[in-house]
Amino acid sequence: MRLLTHNMLSCNIKGVTKGFPLSIEVQRLDTKDADFNPDFLRNIFPKLEWKAFHDAAVSIGLNDIPEQVDPTMLEDHEFLQKFHHALLEVHLEEGALICPETGRRFPVTKGVPNMLLHEDEV
Amino acid sequence: MEPPTYWASCATGLQFCLRAELEAIEGTDVISDSLAQGGVLFRTNAEPKELAKLRAADNIYAFLGHHQDVPLEKEAAVEYLTSLSAKIDWKSPLELYRRWKQLDETKNCSASKSSSEDKENMDASSSPLTFRVTSDRICKNMMKQKYTSMDAAAAIGDGVNELLGWKASMRVYDVEVLAWIRDMELLIVVALIYSGNKTIERLFENNVAEEKCTTENLPEAPRLSEAPKDTEVKFQRPSRSEAQLHSRRQYRKALVGTSLKPSTSYALLQLAQIKPGHVVLDPMCGCGTIPLEAVDWLGGQIMSIGADNNPKAVDAAAINVRGGGGRGPCDVLSWDAANLPLRSGTIDRVVCDMPFGNRCGNYKVREWLCPKVVKEVVRILQRGTGIAVLMAQSKTMRQEVEVNQKPFLEMLQHILVEMEGLTVDVYVVRRTIEPPPIHEFRPKKANHKRQRVVVKR
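From first to last, the protein sequence lines are chains A and B.
Going by the working numbering, the first sequence opens with residue 1, and the numbers climb by one from there.
Going by the working numbering, the second sequence opens with residue 123, and the numbers climb by one from there.
The shape of chain A in the complex, shown without the other chains (with noise of 0.2 Å):
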């Protein structure tokens, strides 16, 4: 799972008002090389929650994304180069997507976050 996908997921549990961000657990993280495209990330960029993507890269051990971004900063090479490798090629191949209200632990096993609720959740 990339760090795209975890800034749209979202707890989904019958009551939960604020399931988002959910908190990343670290097992074993994987680095895949992939496309560089400025376009892809200058369009991605406005549809992001920045604070929840910051506070994601930072618990999953990448220091370099700015806590404060302004759209100046998307015509920078250096700073779209950094926010390429957080954004698409860092994986979360073994671990746990946390609820930040209920604590509900969804794991994630090879790269694929296990989402589905228990039927007393729903």
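Some hints could be false.
What the hints assert, rightly or not - A few chain A positions that, by computed beta-carbon distances, are all more than 12 Å from chain B:
1) H6
2) F20
3) R28
4) K82
Stated by the list, open to error - Straight line, CA to CA, 27 Å or less: simulated DSSO-like cross-link-like pairs of lysine-lysine:
5) A:K32 <-> B:K375
6) A:K14 <-> B:K494
7) B:K397 <-> A:K82
8) A:K14 <-> B:K196
9) A:K14 <-> B:K262
10) B:K375 <-> A:K18
11) A:K110 <-> B:K375
12) A:K18 <-> B:K494
13) B:K528 <-> B:K494
14) B:K171 <-> A:K110
15) A:K14 <-> B:K486
16) A:K47 <-> B:K494
17) B:K262 <-> B:K196
18) B:K494 <-> A:K32
19) B:K497 <-> B:K517
20) A:K82 <-> A:K47
21) B:K497 <-> A:K47
22) A:K47 <-> B:K528
23) A:K32 <-> B:K434
24) B:K397 <-> A:K47
25) A:K47 <-> A:K18
26) B:K171 <-> B:K213
27) A:K51 <-> B:K397
Please keep in mind that the hints were generated in silico from the structure rather than gathered at the bench.
We treat Cβ as the ideally placed atom computed from N, Cα and C, and that holds for glycine.
Using the hints provided, position chain B relative to the given structure of chain A.
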């Protein structure tokens, strides 16, 4: 000389996509896309290599003939079909067949130098060709069948055998002649890409030679789940899905029972008007054909997400992503599509092939599930710009899309597509600017009765 005539097949109703793709190839002249069978008839001088890149086509054939006057009575029909081969000009289609076969063989030999291909080469040059006729006859509007597909195949086969002196062979053959008969309309072609016997020989060869060539290296890799276990395989006809144009896609490694054809998923993606920077989601992805086709086509310009609730499907999708999804970012998750764990308004495009037919799930569950998925799709789509392409065959879903969610979904297109004998609805809808309804929390009622919904088509 006139360019050779081809027939490219696709799902009925989605020809527009194949047509557009063909028109983009230089020197291609589309003759017709409205025959009874789904596909496009065209003339071109383009190289086979270029045609083999077509995304919207299931398969490519050399065109033999199209007739509108097939008799309905058995005796007259048999006579008509036997004399049919004499009416066909065989020279140019066979020329085409040889060209494609050569191309295929050189490709296979370079990929894996196994003895089976060499043997095939020798066979093709020395002895006369062997052939089989596959026929498919359906009565749509006319009276009940007076003769079967088998009768038709036998009659056409007799004619070919008499005229060209080829030997008929049902299991291992060089040429496959296909004939589709719809009422009085007949389309007859020679398979260029699809030829099942090669797969059989290869499977057999693999067993004998203790799997010298690994199946992963072959362009037409057999399904993982149905890997050959004993020599019995020799007597099985391989599934068509293993030897078609689209089976050459790198990501197609593990399949599930009702995998969507990549050609169809390509057409659905075309309908979604995807732009760079979009996030494309398939909440019920099966083995991941739609999200993987999206990144295979658009590469790193988009991000795609696929998810399913069936562990087998999720495993297959994960294998496919690892195997061939390297062209662009694609993530796989496991979730319940009726209750999506996503923030509202985050997704740009939803392209979803919901389960239909009797091979996947059952009617009752689907009628309950599909509207719930539509509700969730409305919630997660971006307001004002988000587009969803939904493929389903469900009355309650039609009600949901057309009536219940009307303020939130603007219908852009509604297409009827025929797949494997089923007519399926494809809705292309855009999320309106309307803010989402505020759901009040209501405790569950024990005796909540569902209303039966009747929709006029």
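Each hint, compared with the structure:
1. H6: violated, 9 Å
2. F20: violated, 6 Å
3. R28: holds, 15 Å
4. K82: Its Cβ never comes within 12 Å of chain B, the nearest being 17 Å, so this holds.
5. A:K32 <-> B:K375: holds, 20 Å
6. A:K14 <-> B:K494: Roughly 15 Å separates the two Cα atoms, so the pair holds.
7. B:K397 <-> A:K82: holds, 24 Å
8. A:K14 <-> B:K196: Violated. K14 of chain A to K196 of chain B sits at ~63 Å, over the 27 Å cutoff.
9. A:K14 <-> B:K262: violated, 49 Å
10. B:K375 <-> A:K18: With Cα atoms ~39 Å apart, K375 of chain B and K18 of chain A exceed 27 Å; violated.
11. A:K110 <-> B:K375: holds, 17 Å
12. A:K18 <-> B:K494: OK: K18 of chain A and K494 of chain B at ~22 Å, within 27 Å.
13. B:K528 <-> B:K494: holds, 15 Å
14. B:K171 <-> A:K110: violated, 37 Å
15. A:K14 <-> B:K486: Within the cut-off at roughly 24 Å; holds.
16. A:K47 <-> B:K494: holds, 25 Å
17. B:K262 <-> B:K196: holds, 17 Å
18. B:K494 <-> A:K32: violated, 36 Å
19. B:K497 <-> B:K517: holds, 15 Å
20. A:K82 <-> A:K47: It holds: about 18 Å lies between the C-alpha atoms, which stays within 27 Å.
21. B:K497 <-> A:K47: With a Cα-Cα distance of about 22 Å, the restraint between K497 of chain B and K47 of chain A holds, given a limit of 27 Å.
22. A:K47 <-> B:K528: Status holds; Cα separation ~26 Å.
23. A:K32 <-> B:K434: Given that 27 Å is the threshold and the Cα spacing comes to 25 Å, the pair holds.
24. B:K397 <-> A:K47: The hint holds at about 14 Å.
25. A:K47 <-> A:K18: Since the Cα atoms of K47 of chain A and K18 of chain A sit roughly 19 Å apart, the hinted pair holds (cutoff 27 Å).
26. B:K171 <-> B:K213: Holds. K171 of chain B to K213 of chain B sits at ~21 Å (cutoff 27 Å).
27. A:K51 <-> B:K397: holds, 26 Å
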